[in-house]
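Peer 1: Start from the sequences and build out the full structure, keeping to the hints where you can.
Just so it is clear: in the sequence shown, position 93 is 93 by UniProt numbering, and no numbers are missing.
Just so you know, these hints were derived from the structure itself, not from any lab. The structure displayed is predicted, hence computed values, not measured ones. One thing to keep in mind: the hints can contain errors.
DSS-like, lysine-lysine: derived pairs with alpha carbons at most 30 Å apart [what the hints assert, rightly or not]:
1. 100 to 23
2. 100 to 60
3. 95 to 23
4. 23 to 69
5. 69 to 100
6. 60 to 95
7. 95 to 69
Pair ranges (Cβ atoms, derived) [said to hold, decoys possible]:
8. 135 to 72: 31 to 37 Å
9. 101 to 62: 21 to 27 Å
10. 60 to 122: 40 to 46 Å
11. 86 to 112: 43 to 49 Å
12. 139 to 62: 21 to 27 Å
Ideal Cβ placement from N, Cα and C applies to all residues, glycine included.
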Amino acid sequence: MDLGDSLELLDSYLWRHWRRNFKHNEVEQFTFAEADYLRCIANLGSSRLTDIAHLLGVSKSSASEMLGKLADRGWVEVEPCELDSRSRLYSLSDKGDAIKQECLRCYDLMVERLSESLPPEEFGELNELLARATEIIWQSTDRRSSRPALPQLVNAHPAQSPR
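Peer 2: Written as structure tokens, this is what we have:
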């Protein structure tokens, strides 16, 4: 199997794993796009629509539509911006934060599985290579958006993870 096939399958398997393991009392259906917005808002903190759209690399109208949906569900709180009366600030509600934490739990389950299945040296190599691949892919596909601050993961074992 070549690397392209492996990446395609990995994407599919991770998505299936995430869908199978995501469990939240108030959420029956949840999309990757919704998770991406919650992750973005969590990384930015209280932010303007323009900043969120820029980080995600989407139009302001698209971001506005999704943020409205998330606010209607009670996952995002909207407040007026003190510095600019025309702007609003979006932040995660307690519900939104709980959903984001559940998303992280799903990924942590996969990290545990990999950690249990690979020798520590191979796990460290995988972690380092994936961190480098993530950087390369971001540079080649997502340069118009700002990269969120990510914890240093190179050579990190799950027990050492900052989450």
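Peer 1: Is it true that the C-beta distance of residue 139 to residue 62 lies inside 21 to 27 Å, as the hint says?
Peer 2: holds, 23 Å
Peer 1: Taking 21 to 27 Å as the stated bounds, is the beta-carbon spacing between residue 101 and residue 62 within them?
Peer 2: holds, 25 Å
Peer 1: Assuming the hint says 31 to 37 Å, is it satisfied by the Cβ distance from residue 135 to residue 72 or not?
Peer 2: Holds, since residue 135 and residue 72 (Cβ atoms, about 36 Å apart) stay within the stated range.
Peer 1: Quick one, are residue 95 and residue 69 close enough, alpha carbons at most 30 Å?
Peer 2: holds, 14 Å
Peer 1: Does the structure keep residue 100 and residue 23 at a Cα separation of 30 Å or less?
Peer 2: Holds: residue 100 and residue 23 sit about 11 Å apart, inside 30 Å.
Peer 1: Should the hint that residue 86 and residue 112 are 43 to 49 Å apart at their CB atoms be regarded as holding?
Peer 2: holds, 46 Å
Peer 1: Please work out if residue 95 and residue 23 have their alpha carbons no farther apart than 30 Å.
Peer 2: holds, 13 Å
Peer 1: Are the Cα atoms of residue 69 and residue 100 separated by 30 Å or less?
Peer 2: Holds. Residue 69 to residue 100 sits at ~16 Å (cutoff 30 Å).
Peer 1: Between the alpha carbons of residue 100 and residue 60, is the straight-line distance 30 Å or under?
Peer 2: holds, 22 Å
Peer 1: Can you confirm whether the C-alpha distance between residue 23 and residue 69 stays at or below 30 Å?
Peer 2: Distance of about 20 Å is within 30 Å: holds.
Peer 1: Is residue 60 close enough to residue 95, meaning Cα to Cα at most 30 Å?
Peer 2: holds, 24 Å
Peer 1: Is the distance from the Cβ of residue 60 to the Cβ of residue 122 consistent with 40 to 46 Å?
Peer 2: holds, 44 Å
Checked against the numbered hints above, the structure breaks none of them.
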